[in-house]
Amino acid sequence: MDVIKDILTFLADNVFGQVPILIGLITLAGLLLQRKRFEDVFAGALRATIGVVILFIGIEVFTGGLTSFQTVLASAMGTTPPKADNTLADFLADQGGTIALVITVAFLAHVLVVRLFPAARYLYLTGHLMFWISTVTVASLVTIAPGADQLTLVLCGAGFVAAYWTLQPLWMRPLMRRVMPDDRFGFAHTSSLACLITGYAARPLGSRDKHDTEKLKLPRQLSFFKDVNVSTALIITVIMLVGVAFADHGVVTKAAAEMDDKLSPWVWAILVGLRFAGGIAILLFGVRMFLGEIVPAFKGFSDRVIPGTRPALDAPTVFPVAPTAVMVGFVSSTLVFLVCLGVFAGAGWFTLAPPMIMLFFVGGAAALFGNVVAGWRGAVLGGVVTGLILAVGQAVTWGLYERTAPELATLADPDWYAIGWLLKAADPVVGGNSIWLVPAVAVGAMITTLLLLGRAEKRRAEADEEAAPESAAPAEA
Amino acid sequence: MALDRQLEILAVCGVGMGSSLMLKMTAEDALRSLGVDARVENTDVSTARGMSPDVVIGQGMHTGEIADLAPVVITISDFLDKEGLEAQLRERLTEQGWLA
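First to last, the sequence lines map onto chains U and R.
477 is the number that the working numbering gives the last residue of the first sequence; the numbers go up by one with no jumps.
1100 is the number that the working numbering gives the last residue of the second sequence; the numbers go up by one with no jumps.
Don't take each hint at face value.
Stated by the list, open to error - Below 35 Å or equal to it, Euclidean Cα-Cα: the simulated DSBU-like pairs (lysine-lysine) are: (1) U:Lys83 with U:Lys254; (2) U:Lys36 with R:Lys1082; (3) U:Lys217 with R:Lys1082.
Claimed, not checked - Residues of chain R placed beyond 12 Å of chain U at every Cβ, according to the derived structure: (4) Leu1003; (5) Val1036; (6) Asp1068; (7) Ala1070; (8) Pro1071; (9) Val1073; (10) Thr1094; (11) Leu1099.
Treat the hints as calculated values from the structure; they're not laboratory data.
Heads up, the beta-carbon is just placed ideally off N, CA and C, and yes, glycines get one too.
Based on the sequences and whatever the hints tell you, model everything.
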């Protein structure tokens, strides 16, 4: 028996606990299932593994830039920089295997649900968000139940995540139908809450016919901002320079000397801004590398099990519908965020770091849905809603992940905040050992929704059938 | 096939993770139907600037910025429209003499 125990311990420590190796093996299995050629299987699994290693390196660079940024800004504003006991890199090293397993188990469960319930309609295929949502969920579960073992975390996390993947495209469906009337694909993006709020709040503001953003002409100079690497480097650097101007000289000199003791604090500020952007670029490169292998494998698998399902896709797939609205949303969300940065810092609160990627994609998506409902005023509202959610979200959520990965609050989408706080709110009810209530409630809500939707659709189909012979008008879908 | 090597194709989007990956899969499908031997990669606009593929595919928001990157730049508005992309690829690759 000891031999079996030794083997299991070895696997837990060296395979399921080591995220690059585990992701490599999952990819290997996915590629083998697709019956790819040997060299493709081998190279693909290796690329996925290297991608994870690069992701870790990127996080370290990004975290270093973030710490300098917060130190300088806190000093300039006379506040204390936020402290954390843990970092995202540590958290991924510790729980990365759990996260990889949550993604895999949740995806299999999600495929099964879509196969069983026609009302589920959409298969969630936005790969990087599958990764981040699983990370946020595991971090939140670990906060609720610090002592939970890996199997409990995987099953509870996967149950909750599968329910989210199934329901999120469905609650976006009414708005999506106004953007993509042919309903060929759904919307799978963690900006969904900002989009929903905008979609409903924009109603009294106007109409798309009269105020469509696409009739506006924006200055060409704005266009370089949509390269998020450029806008991140630029905006963080400018804030750093302003921060250095107001910060305590001693603090800045000491921080600059840590990088290079001959360095001018001003040049150091520029380098920090560039490193911050560089770290995010490396992080994204790593994510891209392992997703490039895993997502096609997932898609190949689901195509075989549920042929012809509608996919739910990343936000930019709808951006061609209204590119001007996207720019309006990005600009307005960034402005609102920067105003919040000033106000919050003036009040002595948490030092915020503008998450340019989220301001672009969430702001853009919310503005696009705002435009569909109410034209350019709706688009501006989308940006404002996004800027506020991201700023307030960062400020209140950082502390939530103190013991796991506080960076999950810095570079985060609205739905991540909602998930974090939802699970945190479950804490007093659920408590340590009854963590199982989380997936039970989520899966219960999912099945109830799917049954109700399914019944409503059936009733509507029957009503259409009865009405058809009497009226010659085409049935409204 | 007038080209004696594998065609290098790049699908781009803003951050190079979600929608460009979808586009890559659509492009691979379209190329398979056309019978073209090609390697399709996906990336973000910044990284794309340092590459020299034969064909770039992306939405207008981005292809406008990198119009000189490759001999063939294809602008799409629908990431899943395999037939539309196939038609555009057929026309443009034939133009270049890469497809008979």
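Interface exclusion of Leu1099 of chain R relative to chain U, criterion Cβ beyond 12 Å: Check passes; 24 Å lies beyond 12 Å.
Beyond 12 Å from chain U, beta-carbon-wise, is Asp1068 of chain R? holds, 16 Å
Agreement of Lys36 of chain U and Lys1082 of chain R with the hint, judged by alpha carbon distance not exceeding 35 Å: holds, 22 Å
Any Cβ of chain U at or closer than 12 Å to Leu1003 of chain R, or is the non-interface label fine? holds, 21 Å
12 Å Cβ clearance of Ala1070 of chain R from chain U: holds, 18 Å
Quickly compare the C-alpha distance for Lys217 of chain U and Lys1082 of chain R to 35 Å and report which way the hint goes. Holds. Lys217 of chain U to Lys1082 of chain R sits at ~31 Å (cutoff 35 Å).
Assertion that Val1073 of chain R lies farther than 12 Å from chain U (Cβ): holds, 15 Å
So if I understand the rule, the pair passes when the alpha-carbon distance is 35 Å or less; does Lys83 of chain U with Lys254 of chain U pass? holds, 18 Å
Assertion that Val1036 of chain R lies farther than 12 Å from chain U (Cβ): Nearest chain U Cβ is 18 Å from Val1036 of chain R, so the label holds.
Over 12 Å from every CB of chain U: does Pro1071 of chain R meet that, or does the non-interface label fail? holds, 23 Å
Quick check for students: does the CB of Thr1094 of chain R sit more than 12 Å from each CB in chain U? With a cut-off of 12 Å, Thr1094 of chain R remains clear of chain U, as the shortest Cβ separation is near 25 Å.
The structure shown violates none of the earlier numbered hints.
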